[in-house]
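Each chain, letter by letter, is given below.
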Amino acid sequence: MASRYSIFSLLRESLRGHRGWTPAWRDPEPRPAYDFIVVGGGGHGLATAYYLAKNHGARNVAVLEKGYIGGGNVGRNTTIIRSNYLMPGNIPFYEHSLKLWEGLEQDINYNAMISQRGVLNLFHNDSQRDQCVRRGNAMHLHGVDGELLNREQVRKLLPMADFDNARFPIMGGLMQRRGGTVRHDAVAWGFARAADSLGVDIIQNCEVIGIRQDDNGVMGVETTRGFIASRRIGMACAGNTSRVASLAGLRLPIESHLLQAFVSEGLKPLVPCVITFGAGHFYISQSDKGGLVFGGSIDMYNSYAQRGNLPVVEEVCEEGVALFPCLSRVRMLRSWGGIMDMSMDGSPIIDRTAVDGLYLNAGWCYGGFKATPASGWCFAHLLATDQPHDVARAYRLDRFATGRLIDENGSGAHPNRH
Amino acid sequence: MRIPCPHCGPRTHEEFTYYGDATVRRPSSSSPDAVAAFYDYVYTRDNPFGLHRELWFHQGGCHEWLVVERDTRNHAIKGAVPARDVFKAGESK
Amino acid sequence: MSSRLAQGGMINRQQACRFAFDGAEYSGYAGDSLASALLANDVRLIGRSFKYHRPRGILSAGPEEPNALVELRSGARREPNTRATDVELYDGLQATSQNRWPSLRFDVQAINGLFSPLFVAGFYYKTFMWPASFWEKVYEPMIRRAAGLGRAALEADPDHYEKSWAHCDVLVIGAGPAGLAAALTAARTGARVILADENFALGGRCLAERRTIDGQPAADWAAQAIAELRSLPDVRLFPRTTVFGVFDDGVYGAVERVNDHLPVPPEFQPRQRVWRFIAKQTVLASGSIERPLVFGNNDLPGVMLAGAVRTYVNRYAVLPGRRAVIFTDNDDGWNTAADLVAAGGQVAAIVDSREPVIVSELSRRFPEIQAIAGEVTGARGGRHVESVEVTSRSGTSRRLDCDLVAMSGGWSPTLHLTSHKGNRPRWDEERSIFVPDMLPAGMRVAGAANGDMTLGEALVTGFRQGLTAAAACGFSGSMPTLPRVTDESTRRVPLWRVRQASGKCFVDFQNDVTADDVELTAHEGYRSIEHLKRYTTLGMATDQGKTSNVTGIALLAQQRSMSIAATGTTTFRPPYTPVAMGALAGHHRGMDFRPTRYAPSHRWASELGASFTESGPWLRAEWFPGPGESAWFAPTCREVKAVRSAVGLCDVSTLGKIDVQGPDALKLIERLYANNFATLAVGRARYGIMLREDGFMFDDGTAARLAENRYLITTTTSHAVQVYQHMHLCHQALWPELDVQFVSVTDQWAQFAIAGPRSRELLQRVLDPQIDLSNQAFPFMAAGEVRLRNGEPARLFRISFSGELAYEIAVPGHDGDSLIRALHAAGQDLGVVPYGLEALNVLRVEKGHVVGSELNGQTTAHDLGIGRMLSTQKDFIGSVLGRRANLIDPARPRLVGIRTVDRNAKLAGGMHFIPQGAKCSIEHDQGHVTSVCYSPILEQWIGLGLLTRGPERHGEKVMVVDPLRGAEALVEVCSPVFIDPEGARLRG
Amino acid sequence: MADALHFAFNPGRLGHREGAPGLVLQELTQFTLASVIACKDQAAQAAAAAQRAFGTSPPMAPATAAGNALTFIWSGPGHWLALGPHATGAVEARLGTAFGTHASVFDQSGSRVLLELRGPRARDVLAKGMSIDLHPRAFRTGDVAVTTASHLAVHLWQVADEPVYRLLVVRTWFDSLWRWLAASAAEYGCEVLAPAPYASHTA
Ligand SMILES: Cc1cc2nc3c(=O)[nH]c(=O)nc-3n(C[C@H](O)[C@H](O)[C@H](O)COP(=O)(O)OP(=O)(O)OC[C@H]3O[C@@H](n4cnc5c(N)ncnc54)[C@H](O)[C@@H]3O)c2cc1C
Ligand SMILES: NC(=O)c1ccc[n+]([C@@H]2O[C@H](COP(=O)([O-])OP(=O)(O)OC[C@H]3O[C@@H](n4cnc5c(N)ncnc54)[C@H](O)[C@@H]3O)[C@@H](O)[C@H]2O)c1
Ligand SMILES: Cc1cc2nc3c(=O)[nH]c(=O)nc-3n(C[C@H](O)[C@H](O)[C@H](O)COP(=O)(O)O)c2cc1C
Ligand SMILES: [Zn+2]
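So the sequences go chain by chain: W, Y, E and R.
Take 1 as the starting number for the first sequence in my numbering and just add one per residue.
Take 1 as the starting number for the second sequence in my numbering and just add one per residue.
Take 1 as the starting number for the third sequence in my numbering and just add one per residue.
Take 1 as the starting number for the fourth sequence in my numbering and just add one per residue.
It should be emphasised that the hints constitute simulated quantities derived from the structure, not laboratory data.
A quick note: this is a predicted structure, and the numbers were derived from the prediction, not measured.
Please note that the accuracy of each hint is not assured.
The calculated DSSO-like cross-link candidates involving lysine-lysine, where the alpha carbons are at most 30 angstroms apart (straight line), are [unchecked claim]: (1) Lys99(W) / Lys289(W); (2) Lys504(E) / Lys268(W); (3) Lys641(E) / Lys957(E); (4) Lys289(W) / Lys51(E); (5) Lys667(E) / Lys40(R); (6) Lys137(E) / Lys51(E); (7) Lys99(W) / Lys156(W); (8) Lys54(W) / Lys66(W); (9) Lys874(E) / Lys88(Y); (10) Lys874(E) / Lys641(E); (11) Lys137(E) / Lys156(W); (12) Lys137(E) / Lys99(W); (13) Lys51(E) / Lys268(W); (14) Lys280(E) / Lys78(Y); (15) Lys88(Y) / Lys40(R); (16) Lys156(W) / Lys289(W); (17) Lys78(Y) / Lys40(R); (18) Lys51(E) / Lys88(Y); (19) Lys919(E) / Lys906(E); (20) Lys137(E) / Lys268(W); (21) Lys289(W) / Lys137(E); (22) Lys99(W) / Lys919(E); (23) Lys156(W) / Lys906(E); (24) Lys289(W) / Lys268(W).
Modelling step: build the complete structure from the supplied sequences, incorporating the hints.
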């Protein structure tokens with residue numbers, strides 16, 4: 001049993017050289033068979049395993065991770081959480097997620113530094129304002145918080161923003177105060193530790209390289225550590241979804257794209273909340289360590305390379321400096337990339353597949369980190385009951401065929417434009 | 001990345017607009033299974049881990065569509081040919 | 001007191017530079033770095049550490065510096081976290097210490113040190129959870145204030161930046177002996193060579209070491225090499241230029257610090273310039289970085305890297321301490337001892353952790369130095385090292401007084417750039433270093449960066465790699481005769497950690513990660529090297545672990561009883577050293593963030609005092625305030641009324657225009673548009689809609705048939721580029737068999753709307769009087785070529801967005817200004833008014849025309865009430881998927897008009913529809929309001945919206961709500977066409 | 001008269017003031033310009049037609065070809081810009097007659113601004129916004145690049161080894177191009193000459 005974390009246990013351990021801590025999770029050998037297998041030790045996979053154990057009493061669950069847990073997108077995203085969506089299928093789901101975030105640390109006994117510092121979407125012209133209003137109103141109708149800030153209110157919050165010499169002057173912004181950031185790595189580790197303590201086997205360095213099927217559906221997975229049997233398998237492998245799904249002969253409405261992100265050198269507090277710039281694709285916040293964490297748009301071409309090219313770096317810096325001219329002398333410390341499965345309408349998929357017992361959790365595009373707890377919650381529900389969870393009902397695969405699309409920004413079937 | 005435009009020579013990919021998979025073919029609208037065929041054409045993708053044939057438009061240059069063969073694992077480009085040639089030849093995958 | 005040596009070094013003693021640190025005035029010389037100048041003035045305490053606020057000094061002499069970070073300059077030019085070791089000294093330089101309060105010497109937060117047993121790796125994940133609400137209110141603000149390093153400037157950066165491209169055959173990165181050698185052999189073949197080095201002086205360690213090449217000082221050899229390179233026409237030298245990233249296909253990002261060595265850049269010059277080097281071949285000659293040793297209090301000011309000590313002594317003529325202890329696990333440490341002695345310094349002892357036989361062998365070579373086979377277990381001192389505790393192999397301990405500890409844990413190849421494209425270095429067990437393994441295409445490595453550590457090897461590999469790189473570009477040359485160089489030995493027996501250490505043993509100095517933290521982390525189950533990095537933050541500070549990563553890996557490997565090779569490195573990522581965002585932004589900031597596109601009438605409109613707004617890249621007039629009119633309301637109402645009662649002028653040139661010719665022009669157009677064009681006669685235009693292949697609306701516009709095989713099509717302003725690309729895709733990839741030619745003529749034609757009952761009259765005054773504009777001759781939707789009064793050709797279209805009798809006239813772009821002036825002048829007595837986007841919007845809402853807020857990519861033709869236009873006779877883009885049941889479901893929100901029931905009530909875009917009496921919640925959401933305006937004609941607010949089953953509900957009253965702003969109104973649902981539904985006016 | 005969309009582009013010296021300017025720049029006015037696009041599989045016939053009518057074949061690769069009264073500037077496969085001095089009479093009609101059914105012609109005379117750039121730093125200035133290689137080994141007199149400068153679409157070609165370049169840019173973007181060009185040339189000093197008719201500059 002893992003040691004409980006608290007200021008008292010920390011004090012106690014500090015007095016004895018921290019020798020009493022137990023590993024946050026075990027490092028077990030895979031068993032020959034499990035009731036449930038979750039492929040992918042990212043945020044979604046680990047959360048799924050945790051909720052399978054916690055909500056559905058499953059005790060024989062494995063998470064298979066090809067590398068180290070948290071090494072995928074959960075460990076490389078810009079950590080923004082929010083529920084300020086527009087489309088009917090999305091708001092309830094993301095709001096469910098936000099509510100789970102709000103109680104998560106106590107639930108899993110791990111400080112993930114959930115920081116509801118606010119998410120502010122800036123707008124720069126009348127039509128953007130109307131779109132923000134439409135979205136803000138949709139949020140209100142769902143009982144979700146949102147405020148429209150005018151130019152002066154934004155100026156007060158962000159005195160360093162460019163209000164006087166901007167190509168696209170700031171008119172105002174839509175603020176969701178309950179939005180914010182979460183320490184990305186801690187989410188993976190916290191869920192892993194909590195799942196492990198409920199008996200879930202977290203198996204790292206175990207890549208799924210085959211999916212075995214018989215007439216009754218899925219039988220198990222071939223892995224780099226041998227065959228592991230299970231009749232219920234959930235895929236939560238983010239940017240790698242198409243590859244894993246293809247092992248079962250599935251072709252999906254998904255392309256893998258590369259998104260870069262950036263962090264500056266550590267600074268004293270400068271950026272008070274999460275800000276998205278409306279005159280480009282740029283978002284920024286400041287981490288607890290002081291680094292400005294920011295990003296922009298994807299690199300636009302299909303990629304599995306986890307690294308991007310210079311034009312996007314330049315473009316993101318142009319946007320940053322256009323928004324906050326004082327960033328000009330702030331230095332970019334590091335850039336990195338993650339592979340995201342961009343779906344054809346920009347919204348996720350949590351559903352059964354054509355193969356019995358094989359389930360899909362995918363298509364998170366730019367925005368699946370904020371979904372982590374709800375995604376795990378709903379995917380666990382689907383795996384355990386074979387029924388979609390109520391708040392994830394819209395995320396069915398067949399929507400592409402029927403036309404019941406959830407296209408937040410109206411880009412159509414162009415994954416790179418979402 | 002530098003895309004070897006067969007018309008203009010090698011150019012930075014900033015000059016190009018990306019469209020995506022060049023292996024899918026627009027089905028006939030009059031066939032009985034047209035809806036299913038168009039669903040497949042518009043929505044589903046191989047999304048290969050490796051060589052990918054893809055359409056790029058030389059927006060900042062000759063205004064020609066190219067079919068570029070590129071490895072999605074490391075971005076290495078094998079070549080680029082005018083889309084006109086590929087599609088005229090009625091080449092499938 | 002000064003530590004400046006009386007002679008030597010590469011500083012210019014004729015040119016003194018005054019500078020200030022924390023307000024105190026000092027003096028140094030041109031050629032100094034800030035760090036060397038501080039050391040010369042005996043300033044040792046430079047900063048405070050991140051977590052424990054421990055005193056920190058100068059560790060290194062280069063970009064690997066983790067400790068000596070300062071805020072450079074002040075006000076809008078303040079640059080936090082600047083490495084004193086990289087800053088070139090200039091007269092008037094001002095630097096301030098950071099991350100301390102109230103002062104560097106007395107930093108209150110140094111108290112953190114007392115609680116350091118609590119602040120172990122990952123402590124915050126274990127606590128601050130109770131009570132939940134305290135995180136945001138109490139804990140987090142506290143942590144945030146304590147964290148961070150320097151303070152960013154708050155004002156806009158006054159300096160100017162730019163970017164440039166440079167192509168070459170061979171790019172050489174690093175101008176040490178290996179890089180200079182490579183550049184020489186490559187350049188001598190006639191290849192185009194670029195040589196970049198981040199330092200302000202080229203030469204690398206030639207400038208720092210007392211070595212000879214062919215009998216002359218290495219620095220002189222370097223100077224000659226540089227002179228030869230300068231004399232060659234196709235060689236470009238870039239000092240002060242860091243290559244920060246390797247990207248695909250030979251693209252290298254570099255930043256040149258053009259004027260950072262001056263207080264302010266000279267007029268017209270940039271502060272920094274980002275280069276995109278495009279190289280066929282690259283020789284990486286980036287040298288190596290020395291590793292610190294891990295012993296107690298190894299972070300005290302006065303504990304330095306041994307190689308850095310040599311740099312200060314030899315290059316800057318500074319003695320960083322009077323009495324030194326050297327601590328080494330390799331032969332190179334001994335050179336430091338020798339150099340210190342040669343410079344007149346005192347060496348208390350060299351402590352070598354290796355076998356006594358090795359130590360005594362070396363002692364024979366360096367008889368003047370007292371050697372101890374053993375370890376330094378801890379350093380002592382308050383804000384500066386005062387002594388060290390040394391334990392010899394035989395177990396005896398003693399204390400040695402000293403004010404400098406020079407430590408050497410061996411050198412790591414600077415191989416970051418070999419890994420930016422995802423390749424991992426390989427552990428070389430024999431030499432205990434990571435060396436480059438797989439390389440990016442076109443790259444080769446020379447010198448210390450490749451593990452070829454000695455000067456002789458650096459020269460040989462440099463010459464050879466330069467030559468092979470040039471050969472790969474098609475240039476041939478030959479190897480020069482190899483110079484004779486001083487002997488060097490690089491033997492090492494790695495000492496990853498002093499076991500019996502007293503005090504904290506730092507691995508990552510900047511992020512305060514200790515050897516104990518590394519071990520605790522592994523113990524807690526964070527066993528991957530990546531987990532180690534993320535849990536402890538080792539290697540995540542501004543130095544990215546340049547001095548700490550390898551040690552961290554080795555300690556983790558030891559703890560896990562794994563090999564270093566299997567443990568592996570973390571991922572190297574650009575930039576190699578941090579780069580100012582302003583440099584990467586370059587020119588594109590402020591008003592130049594994005595280009596601005598001006599409509600042909602812009603000058604005229606601005607002379608009339610128009611207010612402008614951006615519409616995509618364009619600036620467009622939004623209204624033309626009349627005398628005494630201020631805000632948008634009055635001018636807009638006046639403009640609308642004038643159009644409805646007299647005549648108005650509006651620039652519509654921003655619409656995309658594509659001229660389509662060729663025998664198959666009609667075929668292409670038929671497939672692009674969803675509605676029928678086969679029946680369009682020459683001389684006529686038609687409204688057309690385009691779908692995306694998924695069946696949703698893409699764009700709308702008109703197509704005019706100018707001749708049998710010629711059409712002019714217009715697109716919306718915002719989709720002009722996309723439609724043009726789409727047409728090319730259709731032509732080149734879908735239907736390459738079509739014989740059709742088209743080109744964008746958006747800029748060729750300045751186009752103006754002339755709208756209102758008196759538009760015909762006005763138009764007649766500028767056109768050739770022969771032209772018959774009567775309804776018979778030129779009816780609604782007619783299109784054709786005409787002549788102006790002055791004989792110049794123009795195109796005329798009788799199309800109407802406003803619903804009035806209206807025309808659009810087009811002339812070549814550069815004639816637009818004179819035509820709009822002529823129209824304006826000719827219509828004065830007719831009451832002509834210019835109108836802007838606001839009035840245009842009112843006019844089209846009154847008429848129920850859709851624009852971007854309705855054509856938002858989420859709507860179908862069916863939603864917008866134009867579903868009937870979709871042809872069932874032909875194949876067109878979107879024809880199949882557009883028929884999916886969900887896209888034509890009558891229950892979808894569909895276009896309606898709305899008018900307020902209370903004539904004084906207001907409407908706003910983005911309101912949602914809720915049935916009267918229903919609760920304001922999502923189950924009752926029935927769509928939203930897309931566009932609104934105050935109609936001066938109807939004298940009330942009206943709007944368009946997408947309402948569930950809208951067209952079936954005309955006459956019904958529903959609520960529109962805006963809970964976001966606390967507004968609501970009751971509206972009546974009606975036809976979206978408010979004015980002249982029969983279309984009599986536009987046909988008039 | 002100056003172009004109505006030139007807002008900050010005036011003759012005179014700007015940037016660094018001492019010594020000879022690094023860049024000398026002149027707008028050339030009064031030209032006709034047309035897009036000529038060969039019909040399907042007719043590029044060779046179109047070229048032959050041009051040879052007959054104008055004494056030169058439009059280039060099949062990125063280059064210019066000067067004929068009598070017209071210069072063809074490659075713009076894409078089977079696509080050229082035909083540039084000539086301003087002449088009365090519709091350019092489409094004149095060229096249309098020459099090309100017959102082998103090519104379609106589109107008047108573009110009002111769409112672009114034409115600049116000539118010379119001076120010792122002309123290459124360096126252009127390199128600040130153009131990603132193509134302008135080194136004399138890579139780009140020579142007679143070569144054309146259809147590319148971008150500071151993200152704006154341009155046609156650039158070299159007319160003399162000195163080097164002297166000509167640059168065509170869309171008129172409605174010109175001001176932005178000029179703001180970049182002026183900023184880029186400032187450190188070397190830039191002399192803007194009074195505009196001259198295109199004809200006077202072309203042999
Ligand atoms: C740069 C960047 C910024 C982002 N910013 C945000 C943001 O601000 N807010 C937000 O909400 N979202 C953001 N996202 C998106 C978000 O990170 C992802 O949507 C989300 O993390 C995906 O879910 P996950 O955590 O389960 O994925 P991952 O962490 O990627 O987990 C998938 C795991 O599956 C493993 N796997 C794959 N294939 C196999 C196999 N065959 N066998 C075994 N294991 C396998 C992978 O190794 C990986 O660990 C961002 C993404 C990126 C790349
Ligand atoms: N005796 C030993 O143990 C030992 C060990 C290591 C090095 N050395 C000495 O080091 C030297 C090795 O020569 P070398 O030429 O390989 O290395 P070097 O260190 O002399 O030169 C490397 C140069 O590369 C530059 N550089 C590094 N990264 C850069 C980047 N990203 N962009 C631009 N510039 C960059 C540095 O500023 C430096 O000038 C020899 O003199 C050798 O004696 C000796
Ligand atoms: C929110 C966030 C903050 C980060 N802050 C830092 C940082 O301060 N220093 C650093 O070196 N890297 C930082 N990183 C980047 C990581 O080092 C790493 O690049 C990223 O997790 C991707 O992993 P990879 O580079 O190993 O592929 C941060 C990453 C994220 C997601
Ligand atoms: Zn091209």
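Subject >> Hinted pair lysine 289(W) and lysine 51(E), Cα distance within 30 angstroms >> reply: 10 angstroms, holds
Subject >> Restraint check for lysine 99(W) with lysine 919(E), where alpha carbons must lie at most 30 angstroms apart >> reply: 23 angstroms, holds
**OP:** Measure nothing beyond the straight line between the CA atoms of lysine 99(W) and lysine 289(W); if it is 30 angstroms or shorter, mark the hint as holding.
**Re:** Roughly 25 angstroms between the alpha carbons, so the hint for lysine 99(W) and lysine 289(W) holds.
Original post:
Quick one, are lysine 51(E) and lysine 88(Y) close enough, alpha carbons at most 30 angstroms?
Top reply: Not OK: lysine 51(E) and lysine 88(Y) at ~65 angstroms, beyond 30 angstroms, violated.
Original post:
Is the hinted pair lysine 137(E) and lysine 51(E) satisfied, with a Cα-Cα distance of at most 30 angstroms?
Top reply: 21 angstroms, holds
Original post:
lysine 641(E) and lysine 957(E): Cα distance at most 30 angstroms?
Top reply: 28 angstroms, holds
**OP:** Decide if the proposed pair is consistent with the structure: lysine 51(E) and lysine 268(W), CA atoms, cutoff 30 angstroms inclusive.
**Re:** Roughly 13 angstroms separates the two Cα atoms, so the pair holds.
Original post:
Are the Cα positions of lysine 280(E) and lysine 78(Y) separated by 30 angstroms at most?
Top reply: 16 angstroms, holds
Original post:
Given the hinted pair lysine 137(E) and lysine 156(W), is their alpha-carbon gap at most 30 angstroms?
Top reply: 20 angstroms, holds
Original post:
When you check the alpha-carbon spacing of lysine 156(W) and lysine 906(E), does it fall within 30 angstroms?
Top reply: 29 angstroms, holds
Subject >> Hint consistency between lysine 667(E) and lysine 40(R) [alpha-carbon to alpha-carbon, up to 30 angstroms] >> reply: Distance ~14 angstroms between lysine 667(E) and lysine 40(R) Cα, so the pair holds.
Subject >> Straight-line alpha-carbon gap lysine 78(Y) to lysine 40(R), limit 30 angstroms >> reply: 28 angstroms, holds
Checked against the numbered hints given earlier, this structure breaks hints 10 and 18; the rest are met.
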